[in-house]
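Going down the list, the protein sequences come from chains C and W. Numbered according to this note's numbering, the first sequence spans residues 1 to 523. Numbered according to this note's numbering, the second sequence spans residues 1 to 332.
It should be emphasised that the hints constitute simulated quantities derived from the structure, not laboratory data. Treat the hints with caution; some may be incorrect.
Per the computed footprint, the stretches of chain C lying under chain W, defined by three or more beta-carbons under 8 Å from a beta-carbon of chain W, are [to be verified]:
(1) 27-39
(2) 80-94
(3) 216-226
(4) 245-255
(5) 295-301
(6) 355-361
(7) 370-376
Computed list of lysine-lysine pairs in PhoX-like fashion (alpha-carbon distance at most 25 Å, straight line) [to be verified]:
(8) C/K166 x C/K42
(9) W/K129 x C/K200
(10) C/K192 x W/K129
Derived contacts from chain C toward chain W, CB cut-off under 10 Å, selection only [as the list claims (entries may be wrong)]:
(11) F4
(12) E60
(13) E189
(14) E347
(15) L420
(16) E438
(17) R441
(18) S445
(19) T468
(20) V470
(21) F473
(22) W477
All residues carry an ideal CB built from backbone N, CA and C; glycine is no exception.
Each chain, letter by letter, is given below.
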Amino acid sequence: MLYFPKWLVTLILGICALGVLLSAPNLFSAQTLDALPGWIPKKQVSLGLDLRGGSHLLLEVDMNAVRRERFNALVDSLRTEFRTARIGYTGLNAEGDHVSFTLREPERLDDVRAIVKKIDPDVDLTSNGADVTLKPNPVALESRTRSAVEQSIEIVRRRIDETGTKEPIIEREGQDRILVQLPGVDNPEHVKQLIGRTAKLTFHFVDQNVSPEDAKAGHLPPGDEVLPLQDSHSGQGASIVVQKRVMVSGDSLTDAQSTFDQNGAPVVAFTFDSVGTRRFGEATRANVGKLFAIVLDNKVISAPVIREPITQGHGQISGNFTSQSAQDLALLLRAGALPAPLTILEERTVGPGLGADSIHAGALASIVGVVLVVLFMIVFYGQFGIYADIALFFNLCLLLASLSLLGATLTLPGIAGIALTMGMAVDANVLIYERIREEVRGGRSLISSLQAGFQRAFGTILDSHVTTAVAGFLMFWLGSGPVKGFAVTLILGVITSLFSAILVTRLLIVTWVRRAKPKLLPI
Amino acid sequence: MGAPRQAETAADLIAMLRPLIIIRKIPNIDFMGWHKAGFALSALLTIGSIVLFLVQGLNFGIDFSGGTLMEVRTLTGPADLGQMRGTLTGLGLGDVSLQQFGAPDDVLIRLARQPGDDKAQEQGVQKVKQALGSNVEYRRTEVVGPTVGTELIHAGVLATVLALFAIAAYVWLRFEWQFGVGAMLSTLHDTITTVGLFSLLQIDFNLTTLAAILTIAGYSINDTVVIYDRMRETMRKYKTMDFPTLINKSLNETLSRTILTVSTTALAVLSLLIFGGEVLRGFSIAMLWGIVIGTYSSLFIAAPLLYYIRPRRSGSAKEAEAASAAEREPVS
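Model the full structure from these sequences, guided by the hints.
Put into structure tokens, the structure is as follows:
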């Protein structure tokens, strides 16, 4: 127990030196560090949003909306296909998680099966006599959810990047959630507006044969729908009847920019890709003089007259924009439409003032705490207390170093965790020293007291550390945000204090015993 | 070390340092004599806590209940809470609570969960911001929708229950099942009474508080494990010593360590409580209570419990039999 082989001494000193070296960057500002030569470690502990200020948003991808929309599309396609194939049916509708209908001629089930397979191969068909139920295939549904979430992350990232936010973190959380962290953003309203919109742009023909009033009274031709007009001049609640069929969709856009029209009003100019250009060209050529509607998220932005065929693939959307809203729309169109609406489940924003105050308070509390503990140990253990304090210093360095290395995030509860760990870390020393005292009182010799003290205390120290670590792991596993930050410091603190209390303290004491050859222990 | 030598190096200087205070004597406190009082007090505390929890409930922070929390600082001198309350109550946002938070110009505004979905919560924030205008600095805004709140409660309860079982399992593994049961009961006692304290004082119960409770569980078990360790050792050393004496001896021998560790941890927590700011207040209070109750429960619950559920003694069965026969004479 008291013999340290050379390699072990080297290892302990090496780890301590590394700890000091790697934790040192945290004492300097980023500017100072940048001025230093390249070989010096510069990694700092990254501060959580509660300390540096910023916005944390938890979003949920609304898969129900996707499912609903898909069902509606399925029902529409079935209607068309059944008409073409002359298949009689009743009660075709989508409800909950399935689409159902009843066939007039049950023997035509195989035709229906073929049609359904053609429209959507990922739909499972079950039939009970003439009653047919369509349900999405669970495997396909899951992969669709996964891809919708991934696509949403990509589009959210593009939208946020366009706002110029620095170092945003956008990652998937759980099954269908997205975590967005925006350091330094203390008013996330604009970002929330941007990611709160699906930005699904479509072009439709306006059905000029039906007035919105007729349509609302129930005379809506199949294949048409009534859509509200966005901030129209003609008063609230105005709406317009459009064909459900999409002329061209926003997926075909390659670029969108906000600009001004000849009257100086803000507009969004867009460019189609080759497919979009061709389809838009064909559609407008055949329908000169008619109206078409530009629909964004189920609201009609504007419904201009087609004056001439648009074959160049350029166009502009004018719709009572301010220059900000035109810029936003252009941004959204460039970034692309979200596959599903996003709901904000949780928002936590900390302003820079509070963040700075929290760092200040946390640091002050930690320093005062550590100083008190250091003094306490000297008062109660003298020389050995100083050894424990030296070990505590390396413990703190190693903890900071491992936090920096792991890229762990330090939160305010994390700082509390550090202060607490320091208070608890000396427990290992207390256990060892008390044990040594006992052995001395029991009449053992100096060397054998030391030996027994370290040996016997070790089991206890290990047990007490493991139980703390167990609580830490559970917090890390089940906790979120700030609690995770606390758990990380707690777990790392347990590991570093095990090292420093047992190895560093022992090395110090053994070295002293070898050099001074004392006859009594100062304890 | 005879006469002090000339101090030549820093190491020599350190080597001359004696502790200023030494606890020399092993105390001889009759913990077992007090254990029935301890049990009664703990039963009272536990039942009281449960009753408080059921009757008064917890002051759930928005992490769990959902809702909105905004910390604002007035830019025009101390905040006029009455006037702000008037402004905000008129918005029709349901239950609005205002509270001074640390400094006189800091105000904590809490909105109850808005009826409706997650979007409705967002609109509440907008209304408050419009009403307060630009005379205040928005230091913190937290909005938690109903979905997340429910999940966090589940995760929190799950974490606490799992922690209790995991700790008991570990102790069982390292010792014997009787120790595991004792450790779990005393930790459960600490957890319940901490929740009781939060119910009594109606301190904001949030995610950080939950972290504190789990840490308390870890800390309290620390203490218990140290004492159990000593008991096991004593059991092995004195195979025929009667149980109450054995428990007393173990507790007394580890008492100096218990006091010193409690002190260092309490120093760290006290400094958090005093200097750590308002955000950490709930956490620090929970921790401070946990340190006190955790130590108490190790001494007066965890250790005496083993008198009632006696672990098997190592050594031959005959010896154990003889030992337990000797113990059957109760020491009152």
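Quick one: see if chain W covers the region 27-39 of chain C, three-plus residues with Cβ-Cβ under 8 Å. violated (count 0)
Under 8 Å between beta-carbons, do enough residues of the region 216-226 of chain C, three at least, approach chain W for the coverage claim to hold? violated (count 0)
Does the interface hint hold: is C/R441 within less than 10 Å of chain W, judged Cβ to Cβ? Holds, because the Cβ-Cβ distance from C/R441 to chain W comes to roughly 8 Å (cut-off 10 Å).
Minimum beta-carbon distance criterion (10 Å), C/W477 to chain W: Hint on C/W477: holds, closest Cβ of chain W at ~8 Å, below 10 Å.
Can we keep the C/S445 interface hint, with Cβ of chain W closer than 10 Å? Violated - the Cβ of C/S445 stays beyond 10 Å from chain W, reaching only about 15 Å at its closest.
Quick one: see if chain W covers the region 370-376 of chain C, three-plus residues with Cβ-Cβ under 8 Å. It holds: at least three residues are needed, and the region 370-376 of chain C offers 4 whose Cβ sits within less than 8 Å of chain W.
Using Cβ atoms only, decide whether C/F473 comes closer than 10 Å to chain W, and label the hint accordingly. holds, 8 Å
Taking only the CA atoms, is the gap from C/K192 to W/K129 under or equal to 25 Å? Holds, at roughly 15 Å.
When the least beta-carbon distance from C/V470 to chain W is tested against 10 Å, hint result: Where the cut-off is 10 Å and the nearest Cβ of chain W is about 5 Å from C/V470, the hint holds.
Count the residues of the region 355-361 of chain C whose CB lies closer than 8 Å to any CB of chain W, then report whether that count reaches three. holds (count 3)
Annotated coverage of the region 295-301 of chain C by chain W, confirmed only when three residues or more have a Cβ within 8 Å: violated (count 0)
Decide if the proposed pair is consistent with the structure: C/K166 and C/K42, CA atoms, cutoff 25 Å inclusive. Between C/K166 and C/K42 the Cα gap is close to 20 Å, so the pair holds against 25 Å.
Going through the hint list in order, the structure does not satisfy hints 1, 2, 3, 4, 5, 9, 11, 18.
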